[in-house]
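In order, the protein sequence lines correspond to chains A and B.
When we follow my numbering, the leftmost residue of the first sequence carries the number 11, and every step to the right adds one.
When we follow my numbering, the leftmost residue of the second sequence carries the number 5, and every step to the right adds one.
Keep in mind that the hints are not guaranteed to be accurate.
[Claimed, not checked] With a straight-line Cα cutoff of 27 Å, these simulated DSSO-like cross-link-like pairs (lysine-lysine) come out:
hint : chain 1 : residue 1 : chain 2 : residue 2
1    : B       : K99       : B       : K383
2    : A       : K160      : B       : K382
3    : B       : K23       : B       : K87
4    : A       : K240      : B       : K415
5    : A       : K323      : A       : K339
6    : A       : K154      : B       : K415
7    : A       : K86       : A       : K19
8    : A       : K77       : B       : K101
9    : A       : K77       : A       : K52
10   : B       : K99       : B       : K253
11   : B       : K99       : A       : K77
12   : A       : K154      : A       : K86
13   : B       : K99       : A       : K160
14   : A       : K19       : A       : K154
15   : B       : K99       : A       : K238
16   : A       : K52       : A       : K96
17   : B       : K23       : B       : K253
18   : B       : K23       : A       : K160
19   : A       : K52       : A       : K133
20   : A       : K96       : A       : K86
21   : B       : K101      : B       : K253
22   : B       : K383      : A       : K160
23   : A       : K86       : A       : K160
24   : B       : K382      : B       : K253
25   : A       : K86       : A       : K133
26   : B       : K86       : A       : K154
27   : B       : K23       : B       : K99
28   : B       : K99       : B       : K415
29   : B       : K101      : A       : K160
30   : B       : K415      : A       : K77
In short, the hints are calculated from the structure, not lab data.
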Amino acid sequence: MVYLQRLTKYFPALLITVLCLGLLVCFTLVIETVTYPGFMSKRVPIYNNWLAILIVIIFSQAIIFLKETYGAMLPKWQTLLVTISKLLLYLSLILVLLTAVLYVLEDINYPNFVFSTLHIHHKGLLLVSILVTYLAFFTQYILKNDFLSKFPAVIGQFIPVIGVLILGYLLPNTIQSSTVLINNTQFMIANPTATYEQKMEYSWGWFYTYMQFIVTSTPPDAIIAIPKQKAPWVNSGNAGLVRYFLYPRYVVDPLSITTFESTPTHALIVRNEMGLENTLETLWPLVATSSANIHVIDPNTKETKVLQIDEYKPEDFVATPYWGVITLK
Amino acid sequence: MIQILFISLFIAFITSIGKLWNGVFVHWSERIAASYTVSIAIYTFTLFVAYLAGLPFSTLHSILVLMALWLITEFLGWVINKKIKIQETSKSIIKSKNVSTWERVLFGILGIIGVVSVVTSFYWPVRDWDSLVLYDFRAKVFLHTGGMEDGIARGYFFGYPLLTSIIHTVAYQAGFSTPTFLHSFYYVSLITCVFWGLRRVLPQSWALFITFCIAIYSPLVSHSMMTYTNLAYTTYIVLTVLYSGLWLKLRDFRFGTLSGLLLFGSMWTRSNEPFWLISIILMLFVAVRFRQWFVALFQFLLVYMVRALWVGFEQDHLTYQRSITSLLPNYIQSLLSVLNPQMLIQVIEYIWRYVIYPTWFSFLLAVMAMSISWWKMKKIEEVVLFQSIFVVLVIGITVAGTLILTTTDLKWDQIGDSAQRMTMFLNPILWIILGFSITPFLNLDKKKHAK
């Protein structure tokens with residue numbers, strides 16, 4: 011304890027050390043943000059972003075503990091410290107706002123959008139924001155900021171840590187929640203009187219249109235064969251999903267999750283749902299089938315027609331764009 | 005006309021439910037919010053029991069059952085309030101100054117989130133995968149046939165209890181084009197009850213800030229506009245833990261009965277996860293400790309009723325076991341067969357990535373608060389301990405459950421999203437733990453709420 015008390019003599023030096031250490035770690039975080047995660051650890055074997063931040067925080071908290079317990083004096087260059095603290099606060103605000111913008115861009119576009127267009131890792135920037143904000147809180151605490159002084163003494167010295175933890179939690183969640191709310195209201199605001207069909211088509215796209223086509227092309231007591239659920243028939247092979255749209259029609263699949271075992275009266279004609287090339291392997295059914303007729307729909311034009319043919323042959327359909335349903339003989 | 009009748013009866017029912025806890029709820033908004041969650045659970049379960057007794061699902065039957073429940077609850081409320089002397093000991097909040105600017109801002113943001121969530125949920129139909137495949141599909145079958153047999157014959161029907169499906173059915177019977185708004189109301193109820201729950205132990209600014217941190221949690225916001233079971237389940241579990249904590253702190257048995265009904269609601273929403281086991285054990289411990297035998301019996305009967313009726317119903321229609329007592333030997337055997345360091349590390353990594361990491365800030369804050377409390381005040385609040393034990397046991401069960409899953413599902417590590425949704429309640433509970441942990445630091449001067 012005496013040793014710790016003697017350390018208070020070196021308080022200004024410790025303060026400079028932690029600030030320099032913090033800025034150094036910030037610099038390495040910025041490098042990782044504009045290059046790639048892992049850039050530093052490839053060159054410095056023991057380096058880890060979170061470990062580096064943790065070391066800065068532990069060191070800083072130790073200085074706060076020293077000040078609170080042994081009453082260390084502020085350095086003579088207090089005015090400079092005030093300036094540094096203000097700069098850190100402004101920088102923190104800018105970084106937090108910038109991080110928020112990047113998170114929003116990432117959420118409303120596609121994964122990796124920010125890096126592919128701006129060559130910045132937005133999650134890396136979050137770490138920079140966290141550390142700079144921590145240093146800002148830390149220096150403000152050392153300078154006995156009025157706002158921070160309002161907190162009870164017991165938890166006051168932990169405010170810098172608590173502050174950045176709350177920032178690290180609130181920032182991504184606020185952005186993601188805002189994006190969710192915006193995504194759910196955009197279509198609604200543009201189409202306030204949309205029908206159920208329009209809303210479902212917006213949500214499910216072509217798959218919903220196709221299901222509605224099946225409903226109009228088959229009787230309510232139809233028993234409809236669907237493909238096994240695997241690529242590329244992810245939706246049309248899901249018996250649980252298909253049965254919702256086609257109810258009260260029955261749905262049977264080769265690996266049936268239903269116990270229903272009657273002979274199908276109809277069979278879907280489905281193609282790939284994953285943007286793959288149209289080949290015999292992405293068309294279902296895969297084998298020739300006797301038919302009374304075949305109802306087809308063109309996904310590009312939404313035109314429908316009935317083909318009076320005796321046999322469905324996959325090789326005849328592969329070159330066409332048609333989806334459809336076979337009325338089995 | 006039908007819609008107005010349903011809405012009027014449901015409001016009347018919620019009001020009567022609220023009267024059963026006169027002197028407990030701090031604010032009318034808390035009364036409505038808590039009563040909403042309890043009412044949905046009781047109403048949908050009664051419709052299920054009525055179905056088992058031979059009453060098919062129909063608009064008329066739904067109205068009659070709702071009317072009957074309202075009248076019974078009104079009578080119970082009259083008995084309780086007339087015959088039993090109600091002490092308003094639990095209805096006090098921490099004195100606070102007037103609403104400051106930043107508090108107004110936070111209230112405003114919460115209001116905006118709530119309004120946007122509710123408005124969009126009236127607009128969007130059911131469109132989410134799991135709901136189309138099961139929850140709303142069952143509602144469609146109930147609406148179309150009045151019964152379950154047609155749905156059962158078509159395959160995937162069981163696995164999840166019927167709260168969500170039945171309340172969807174009632175929404176359609178009442179003439180609503182979508183039941184999504186009911187899930188949004190769960191979100192609003194959760195936030196409202198958390199705020200007033202915390203106001204009993206924290207000043208307004210702290211309670212508001214913690215409530216805001218819970219409300220802004222993005223999975224909760226997303227699920228408020230979806231028709232999954234996860235948000236309803238989260239609401240019930242979080243409120244169970246919150247009101248159990250208040251029961252422990254304030255020793256008012258009425259919090260115990262309320263917690264019991266909320267636990268019942270959680271089990272009626274989802275029953276695959278055995279988290280209810282932890283809740284009932286902890287709650288029974290509290291009831292026995294306070295010698296509130298009636299409460300212990302009440303809670304036990306509720307849990308038994310939902311397990312017996314729903315699991316029994318499933319068992320009648322399935323070829324495999326669903327009861328925990330029957331499955332326990334198999335579970336233990338499976339667990340022992342995979343208890344090796346390599347598998348344990350894999351499972352812990354999985355749990356870390358999908359359960360803990362998404363909420364690790366909240367974990368760290370809660371642990372910090374408890375540590376500071378222990379270090380500076382040399383004690384941890386009993387309530388905090390109670391809630392923390394719940395969290396630790398939930399994580400333990402999740403690890404054990406995942407280990408067991410590795411023996412039956414080769415793709416166990418590809419359903420991380422499901423694990424995340426399943427444990428969505430952890431984040432709000434951690435913030436509640438934080439709230440209760442900081443109460444010793446604030447030197448609060450508690451004043452009774454003037455009524």
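Q) Which earlier hints can't be squared with this structure? A) 6, 8, 9, 11, 15, 16, 18, 25, 26, 28 and 30
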